[in-house]
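Asks: Chain by chain, the residues run as shown.
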Amino acid sequence: DSKGVQFETADKDFKFRLGGRIHTDATFSGGDHDLVNAKGNTVGADDGTEIRRARMEMLGTFYQDWDFKSQFDFADNKVAVKDLFVQYSGLKDLEITAGQQKQAFSRELQESSNDMLFMERSLMNALNEPTVDRAIGLDVGSFQKDWTAQVGVFGDTVTPNNTNNIGQEGWAISSRATYAPINEKTKVIHLGVAGNYRDPSANGEVNGHNLQLRSETTHMSNLYLIDTGAISNVSSIKMAGLEATGLYGPFTVGGEYTHMWLDRENGSQNAEFDGWYTEAAWTITGESRKYKKGKFYKVEPKNNFSFKNGTWGAWELATRYSQADLNSGIIHGGEMSNITVALNWYLNDNIRFMADYNKFFSLTNTPITTVGGGEPNVDVFMLRSQLAF
Amino acid sequence: DSKGVQFETADKDFKFRLGGRIHTDATFSGGDHDLVNAKGNTVGADDGTEIRRARMEMLGTFYQDWDFKSQFDFADNKVAVKDLFVQYSGLKDLEITAGQQKQAFSRELQESSNDMLFMERSLMNALNEPTVDRAIGLDVGSFQKDWTAQVGVFGDTVTPNNTNNIGQEGWAISSRATYAPINEKTKVIHLGVAGNYRDPSANGEVNGHNLQLRSETTHMSNLYLIDTGAISNVSSIKMAGLEATGLYGPFTVGGEYTHMWLDRENGSQNAEFDGWYTEAAWTITGESRKYKKGKFYKVEPKNNFSFKNGTWGAWELATRYSQADLNSGIIHGGEMSNITVALNWYLNDNIRFMADYNKFFSLTNTPITTVGGGEPNVDVFMLRSQLAF
Amino acid sequence: DSKGVQFETADKDFKFRLGGRIHTDATFSGGDHDLVNAKGNTVGADDGTEIRRARMEMLGTFYQDWDFKSQFDFADNKVAVKDLFVQYSGLKDLEITAGQQKQAFSRELQESSNDMLFMERSLMNALNEPTVDRAIGLDVGSFQKDWTAQVGVFGDTVTPNNTNNIGQEGWAISSRATYAPINEKTKVIHLGVAGNYRDPSANGEVNGHNLQLRSETTHMSNLYLIDTGAISNVSSIKMAGLEATGLYGPFTVGGEYTHMWLDRENGSQNAEFDGWYTEAAWTITGESRKYKKGKFYKVEPKNNFSFKNGTWGAWELATRYSQADLNSGIIHGGEMSNITVALNWYLNDNIRFMADYNKFFSLTNTPITTVGGGEPNVDVFMLRSQLAF
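Residue numbers (our numbering), protein chains in the order written: chain A, 2 to 390; chain B, 2 to 390; chain C, 2 to 390.
Chain A on its own, in the form it takes in the complex (with noise of 0.2 Å):
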């Protein structure tokens, strides 16, 4: 059906699924000729065409207790491992997770590409991104109907440390506590908090780089309208994150909140960043989108797509206003603030095609300027094409 392959013996112990998804994307950028980064070298924003996500999945259980998910996106023609972990769900209340998964932090970070409202995460995963994202570790969750609980213990991501002789890899704290006062179909409220500590390694890195907050203005622009270099001398770092969102019929609005202190060592000044961002999305076609243990996934279209039948799938008008500061100190990443408008066309459970128009403002002590010095005015208009299973 539309979830892939599926197979389950009768007695439901074992049980398989292949999955995959297909983003493609096409981004038109104006605004971008007359700028000049830090160096007085010319920049602008590559557009084009872009294979976004190409992701093979099998997930399976075994023995009814142990689950697995192996996933691997080749975009780019590149490997890149995704989830890759295996889990045990045999304790009643608890299910614990060793591999490579998305660390307990951000409702924004861990809702599926598949299921975002936008085509790209707000400003605010500036901060998330190089920090909270997938790390190799140890999760234990429970995740009940009104709340979930989540703890885990995590060392760096699945890339190699290839070559510096340099000693223990970094290792990271992650816990995310979510709530619903109310979680009806229709009427939902979702609160949440998390917390994460993280201690670089041996040389300084987080996640095998040092640590570069930055945000692009699409992902195959390749520029960087905020970008803190690479910091060093981290010696620990702390984050915090409050997220809210309540949903009624076909609305939902939002939002979440990350703040940063990172403690540096050798004499460097210490340094603190925020983002945030809040949204506001509209089905028109008047379906819910779906709340389940801490996380919002895409609606389900009341009619598929259909020319024979002159049915129209679901159609979602969202918007979102986000913000990033990574000014701090000598630390002059830039502020930002951006405004995204989207149009969203749900043919069916499998296919999704996504028009974003993003809108960049505010700019305060931004690594990029234009050639007269003054406040870059960039904007982009995305097409997507998405097949998900």
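FYI, nobody ran anything at the bench for these hints, they're computed from the structure.
Everything numeric in this text was worked out from a predicted model, so none of it was measured.
Relax, there's no trap hidden among the hints.
Identical copies carry no separate label here, and so any pair may be met within one copy or between two of them.
20 Å max Cα-Cα, derived DMTMM-like pairs, lysine to aspartate or glutamate:
#1 Lys303 <-> Asp66
#2 Lys13 <-> Asp2
#3 Lys309 <-> Asp94
#4 Lys309 <-> Asp66
#5 Lys239 <-> Asp200
#6 Lys16 <-> Asp2
#7 Lys303 <-> Asp14
#8 Lys13 <-> Asp350
#9 Lys83 <-> Glu58
#10 Lys16 <-> Glu58
#11 Lys309 <-> Asp12
#12 Lys309 <-> Asp14
#13 Lys309 <-> Asp68
#14 Lys79 <-> Glu58
#15 Lys309 <-> Glu96
#16 Lys4 <-> Glu58
#17 Lys4 <-> Asp350
#18 Lys360 <-> Glu217
#19 Lys4 <-> Asp68
Start from chain A and add chains B and C according to the hints.
Replies: Below, chains B and C alone, put in the same frame as chain A:
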């Protein structure tokens, strides 16, 4: 069955198939011991064994009208995204395909490597491979029994454009039409015509690279007897292609021609190149090759090879003469002919063994010469074991 | 079932199976804080977490006699083609295998990483891994109940030879024969002998690299206590291997020995290296390991682990002593011993947890010393979570 693993729901709304191919080659080159390149360095042909193709693919249909194909190649321990697209076939007589796919040009290019008469494509492919092979785009086609017509607009390939801040990717329009005035099971006349227009990227690249036309003596030889080197200042590429093939019982005779016009800017001289081939095949065991929607497919043996039953599968003899002229003005890519003789053994629908002999001759103005400045006299013997499903 | 997804047609002419494995490791090294290499640079062991193996595989049978296997590893975000071959089993008592496969040499090398008693192979593998591991070739084997014999001719590995214009790839002949004078379910005597001859490529490379024998303390440590460096001017490699193992109920005792003779040209001195190990294992819960066609397989627990039923799977204790001598003439790769103690927990046919302790000692003429010039005293504790199907 022989098509790998296939599933469908009872109402045929959902289908799914897993496939793959393994091509394992060995090559033996001759006449490559006294060669030098334009810089006077000794060059030669690398010989040995190679996994030529190692592909996995998933194909499927969702809600009857939405097809997808995802195909990845892992030969050489690298990822190459091959076909990766979503296709809508809910409109009468029209197929709309979005994603990475072959551009509409040349029967030889469109046909699968599983179906080709020879182990490698002809010298003509030196023009087609860097320009009209797979790219990310949107294609609209109509595929009828006796004719096909398609037109597509394309960006670049899946390779990321990742450093240069140079703005727009290139784009192209490709179109191909075929007609079969005779189209019976054992009697076919196939005619085709195709055109391509490509505008390179803002920094003059085609599909992520400077335009370079060349032909390797075998896929693993690293010996390019004809090679234009990187051609700079390309402002546009126009290409035209002609096809004609006839099939009569176990016999096939056909050929193709490609002409390329390069417009160049910044005072560089325009250029013109062309290439062509003619081929003939005879299925000794009497089977006819298949023809469908403007493409030829490999023979299916009447009797599969079986040691026990004393049956031997299908045997096929084929020969090809091909030529490419990469000399134009001050560009001395070289002109060359080659002749190929092939013996193919089809054991069943999944297994084929191939033996090819290739001889290169009539070299004019090539970048590779003998030490004495003379014309190289290179030949290659190649073996392949092919599994495909 | 536990073997992943399997299909076959009613007449068993076609079969298909999807499989995979996920090995996730964590390591903790000691005694690596005062080490320097031959250049006087400080070195140490990298510790942390790692996806050791992330493999997907497709296997199948076409028309009863034609098997294939395709297996890819995506750990470290890279592609590594593992097994990739077509096999013909239509001849009585003979199996012919074409493609990338392990060369016929050494039981330890032939056995799957899913079945090994220890997380990593022994120090002896420093000799085998760069020479007789997977390569592209043609193998002919006969696998009977009590004996096996195989011989193959091989080229290089799947890695492309991509720049040098140096002519021929290397080639090799490998052969292994095993005999089991006693072969019952809980009583086995296994004997084996193997030989390998390899001719390097025209530029002296073996499988795409200069020959370099070395051993990493763990797969992610980047610490090689013994290491010959690149050995040049190799004109031929000869290797011999001996194997003997006995199984009695829950006990296994065995060992292997490999000797290597290097012939070198251009006035370089010939060299000889060797390595060996002996190992003993005890399945505490009483199960016997499996023996089939010259290889041992992991135990299958009598009672799978189940929290509800209070059953605990199978537990196994194992220890190994191994040694490699990479000193010969002016080559000072070092001589070293190590001892490994392992505790393995088999929860069911798919899940295994492993804990290994490794201690390295008796180092002579190694390229790594303590800062004071003394003998390093390194040990490692390693954990693995293994899912395989």
